[in-house]
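Q: Sequence:
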Amino acid sequence: MTDNLTALYLRLSRDDGTVTESESIANQRLFLTEYAAANGLNVVRVFSDDGCSGLSFDRPDFKRMIQMIDDKKINTVVTKDLSRLGRDYIEVGRYIDKYFPSRGVRYIAVNDGIDTAARSDDMTPFRAVFNDMYAKDISKKVRTALTAKKLGGKFIGSQPPYGYRKDPNDKNHLVIDAETADIVRRIYREFLAGETILGIAHKLSADFVPTPSAHKARCGLSGVWNDTAVRRILTNPTYAGNLAQNMTRKVSYKVDKKVRLPRDEWIVIRGTHEPIVSQEDFDAAADILSRRSYNKTRRAGQPHLLSGLVFCKDCGGGMSFMRESETRTYLVCSRWRKNARLGVCTSHSIRESYVENAVKEKLKELILSLDTSEILTEADAFLSGKNNGAKLAESLARKIEACKNTALSLYKDKAAGVISADEYAELSGGIKAERAIYERRLEELRLENARETAHITEDSITSFEDIDRNALLMLVDRIYIGMNKDIEIHFKFADPNG
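Residues in the sequence shown are numbered consecutively from 1089, following my numbering.
Note that these hints are calculated values from the structure, not bench results. One should not assume that every hint holds.
[Said to hold, decoys possible] Label pairs and their computed distance ranges (CB to CB):
| no. | residue 1 | residue 2 | range |
| --- | --- | --- | --- |
| 1 | Pro1256 | Ala1503 | 49 to 57 Å |
| 2 | Asp1371 | Glu1576 | 18 to 26 Å |
| 3 | Thr1434 | Leu1563 | 26 to 34 Å |
| 4 | Pro1350 | Ala1490 | 37 to 45 Å |
| 5 | Ala1481 | Leu1286 | 53 to 61 Å |
| 6 | Ala1503 | Lys1237 | 50 to 58 Å |
| 7 | Pro1350 | Thr1434 | 53 to 61 Å |
[As the list claims (entries may be wrong)] Using 27 Å as the maximum straight-line C-alpha spacing, the simulated DSS-like pairs for lysine-lysine come out as follows:
| no. | residue 1 | residue 2 |
| --- | --- | --- |
| 8 | Lys1502 | Lys1520 |
| 9 | Lys1502 | Lys1573 |
| 10 | Lys1259 | Lys1291 |
| 11 | Lys1448 | Lys1254 |
| 12 | Lys1161 | Lys1238 |
| 13 | Lys1448 | Lys1304 |
| 14 | Lys1304 | Lys1520 |
| 15 | Lys1291 | Lys1520 |
| 16 | Lys1160 | Lys1186 |
| 17 | Lys1448 | Lys1401 |
| 18 | Lys1242 | Lys1254 |
| 19 | Lys1452 | Lys1573 |
| 20 | Lys1186 | Lys1161 |
| 21 | Lys1502 | Lys1487 |
| 22 | Lys1452 | Lys1401 |
Even glycine gets a Cβ: it sits at the ideal position worked out from N, Cα and C.
Given the sequences, and given the hints that come with them, work out the whole structure.
A: Listed below in structure tokens is the structure:
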């Protein structure tokens, strides 16, 4: 290999703090070009990463330079100083002490007086550590500045939440994105109507609604929704017009991986932008989520019908469920149960079934005061729309067939050597997951139609015998149990009987 096949490497990013003219890419290029000419170095290529952090070595032009080194087209690398090579002292040390020597590459950092062709410089490791510490200090300063902006109600993220876009006149302000805001409204609407989070995810996937990540990537694909994505939309105060930030944090200034922070560490500033959903709907969704997760039975993994609704009338604490047998469960004051020795409250209890029946009887009593004809008309209209699902079923069947054909085509491509076994496994796995969603949604549709083909009657809608938990949460606010087993029910609507 010809001597002095030299690469000049330039780098600049925001982790360098305030950029002066002497640090600019243009100045680095001029400085190194003059140095190479004065020292008889044969420059074959200039590599430049403008806007790339020194903490990561996953930089486009740096990787191209490494490839040329591996191809033996470069044997000398020159940077203005050691920090241009990188600011992670562990990785910098690996390149200087191991990678460059193993490839026969000479490395020069002009301003730091480093030249691996000359005698070793004992200060090189210390300079690398200082550069790393500098990057850490800059990271802290940047984080402090960003926190100040968050507290000022400024949006500082690179990507706005699903349903919003950056204001073209102010990048720190959010405006509604008409393309995706209706999806957010749909999620809240279906959840408040009693649909489960996973059920919403399945429906969005079946309808080919782009996921937040697919929409962000603008890749033309819809992706597969999961319960996490739906839950984050239902719990993000931003959708009610209250900017929520600081919800995640990087594990380290060197690592891009993020962890979700507890809610009490979020920074939420009220009234910063136009809401997609009302505060009332956001609060109602939060209420349902908290009640669904409250006091779930460990055996079945499902909440009791009354979970999160029953409280002790005497001390105000929640009532907990105690199973006596397979068919008998009691409600007991949880504060007494945990602190009986301290004399907190009393040991009064009541049968779960007795409270459920009392709630149902009260609802029956209240509905007699209402005109049910309008309710029945709306219910019939709703079911008529539900039962007209033939087109959706046909669409799902076509999608399933398309998945089968695509899977077969992929298999033929693998057999013909068009794609590798790894590529086939990755692509076919996605097709299988997509097909499973369509098949599951089709089966759900069949079950829904089977349940809803029977004509609804006044007795079935007013008996409340089969009331489900979601419906109960929409009607009942709290239930109080007194020491003498007296039951006091507070509804979310005004009592028509006064």
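Q: If you draw a straight line from the CA of Lys1452 to the CA of Lys1401, is it 27 Å or shorter?
A: 24 Å, holds
Q: Within 27 Å, alpha carbon to alpha carbon, are Lys1160 and Lys1186?
A: 16 Å, holds
Q: Is the hinted pair Lys1242 and Lys1254 satisfied, with a Cα-Cα distance of at most 27 Å?
A: 11 Å, holds
Q: Honestly, do Ala1481 and Leu1286 meet the 53 to 61 Å range at C-beta?
A: Cβ of Ala1481 to Cβ of Leu1286: about 21 Å, so the range 53 to 61 Å is violated.
Q: If you check the beta carbons of Pro1350 and Thr1434, does the distance land in 53 to 61 Å?
A: For Pro1350 and Thr1434 the Cβ distance comes to about 35 Å; the hint is violated.
Q: Does the beta carbon distance between Ala1503 and Lys1237 stay inside 50 to 58 Å, or does it fall outside?
A: 56 Å, holds
Q: Can the restraint linking Lys1502 and Lys1487 be considered satisfied, given a maximum Cα separation of 27 Å?
A: 23 Å, holds
Q: Is the Cα-Cα distance between Lys1502 and Lys1573 27 Å or less?
A: At roughly 70 Å apart (the allowed maximum being 27 Å), Lys1573 and Lys1502 break the hint.
Q: Has the given pair, Lys1502 with Lys1520, been kept, meaning a C-alpha gap of at most 27 Å?
A: 16 Å, holds
Q: Is it true that the CA of Lys1448 sits at most 27 Å from the CA of Lys1304?
A: 47 Å, violated
Q: Does the structure keep Lys1448 and Lys1401 at a Cα separation of 27 Å or less?
A: 20 Å, holds
Q: Within 26 to 34 Å: is that where the Cβ-Cβ distance between Thr1434 and Leu1563 falls?
A: 29 Å, holds
In this structure, the earlier hints numbered 5, 7, 9, 10, 11, 12 and 13 are contradicted, and the remaining ones agree with it.
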